[in-house]
Amino acid sequence: MKILVCCGNGLGSSFMIEMNIKKVLAELGVEATVDHCDLASASGSKADIYVGTRDIATQLTSLGGKVVSLNNMIDKQELKEKIGAALVD
Amino acid sequence: MLADVLKSDCIRLNVACDNWKEAVKAGTDLLLEKNCIEPDYLAAIIHHHEAFGPYMVVAPGIVLAHARPEDGAKKVSISLVTLKTPIVFGNITNDPVKLVFTFATTDNKGHLALLTNLMELLSNEEDIKKIMSTSQVNAVLNIIKQYSNLSI
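Residue numbers (this note's numbering), protein chains in the order written: chain D, 95 to 183; chain V, 2 to 153.
Just chain V, with the same shape it has in the complex:
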């Protein structure tokens, strides 16, 4: 499931950003280009981050940026951006961030299979390290393929 949604045109590696807002925008820009979200989705993510704190930095070096379906999600979609220089999001235990996953879902269920696959990937330290350090999109795609046949 993950490989069906996270394709090469949704992946950018070693992107240079100056701050967390730019990092989140790098992720939403990829989804916007593919018409998966409305322009306001980015503002919603930023608003949630400012209102609830940096809880989306879910694990060391990894942020799972997202908002709610009604914030402007048009398709179940996900993008991946790796940052050239890790950036601080304000999360005491998991900063700085190197991997920015940005996802959107159109209802409360459509993304569950996607997240299940993603969770398995995030739990594999070795594969996460490989993604963080590679400059080859194909290398990332090969890793993602391995996590796409798992069922809930």
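One chain only, chain D, in its complex shape:
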């Protein structure tokens, strides 16, 4: 299971979301590889789940994986619910 977090620059918000995803996965007891990158690199990286904030997520839908769109980057509850839902399908 590979989760890729994307943002415009690939070093700020995507890394911070990656940190939160790892915490959430630990809480859910799920193992997965989590990485982060910028939008330009995302199309070259195969992942099962792509994660981004709203403005970025719209640009991830054509990549062939599930897309998790976040409203609030620091809301772990939102992240847990959405990642949890994406993992189940």
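Hints are not guaranteed to be accurate.
Listed next, the in silico DSS-like pairs over lysine-lysine satisfying Cα-Cα at most 30 Å (straight line) [claimed, not checked]:
1. Lys174(D) to Lys110(V)
2. Lys110(V) to Lys176(D)
3. Lys174(D) to Lys146(V)
4. Lys174(D) to Lys131(V)
5. Lys146(V) to Lys170(D)
6. Lys35(V) to Lys85(V)
7. Lys85(V) to Lys170(D)
8. Lys110(V) to Lys116(D)
9. Lys110(V) to Lys140(D)
10. Lys160(D) to Lys140(D)
11. Lys76(V) to Lys116(D)
12. Lys131(V) to Lys117(D)
13. Lys117(D) to Lys110(V)
14. Lys110(V) to Lys160(D)
15. Lys22(V) to Lys35(V)
16. Lys130(V) to Lys176(D)
17. Lys76(V) to Lys35(V)
Hints in this document: simulated from the structure, not taken from any laboratory.
Fit chain V to the known structure of chain D by using the hints.
Below, chain V alone, put in the same frame as chain D:
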């Protein structure tokens, strides 16, 4: 780590700005004064915002303005500006913005400890509210100190 980098000369409170570009400039001016970024870094942030949308408004009232190392970052650095009047950046869910964090990193790793500390701070609603409402730089510094000893 955060307290080593975010010092009183990188903090300005209750700054009056008319629009989001001015708000971002208030943040980059602090870093420019300390020679942490090139003058073009501001243009790069504005360009990213216009190209990708207001994704840097990461949480309600908070923008994390930044560009890439090659856009003119000279040191791993961060500044904090609180706005006198909250400003709209165009982010439907998280506008208007009150806190402008501007950061720069010289490679893809040097800032990770800094962001880890920052993330913990941003996750604490109470401390964020205090920073948004205070006019005392020392009050802000005291809060920041609490988030600087955490490890990844």
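Results for each hint:
no. : hint                   : in the structure
1   : Lys174(D) to Lys110(V) : holds (26 Å)
2   : Lys110(V) to Lys176(D) : holds (28 Å)
3   : Lys174(D) to Lys146(V) : holds (29 Å)
4   : Lys174(D) to Lys131(V) : holds (27 Å)
5   : Lys146(V) to Lys170(D) : holds (23 Å)
6   : Lys35(V) to Lys85(V)   : holds (23 Å)
7   : Lys85(V) to Lys170(D)  : holds (29 Å)
8   : Lys110(V) to Lys116(D) : holds (18 Å)
9   : Lys110(V) to Lys140(D) : holds (22 Å)
10  : Lys160(D) to Lys140(D) : holds (11 Å)
11  : Lys76(V) to Lys116(D)  : holds (28 Å)
12  : Lys131(V) to Lys117(D) : holds (26 Å)
13  : Lys117(D) to Lys110(V) : holds (20 Å)
14  : Lys110(V) to Lys160(D) : holds (28 Å)
15  : Lys22(V) to Lys35(V)   : holds (20 Å)
16  : Lys130(V) to Lys176(D) : holds (26 Å)
17  : Lys76(V) to Lys35(V)   : holds (10 Å)
Of the numbered hints listed earlier, not one is contradicted by the structure.
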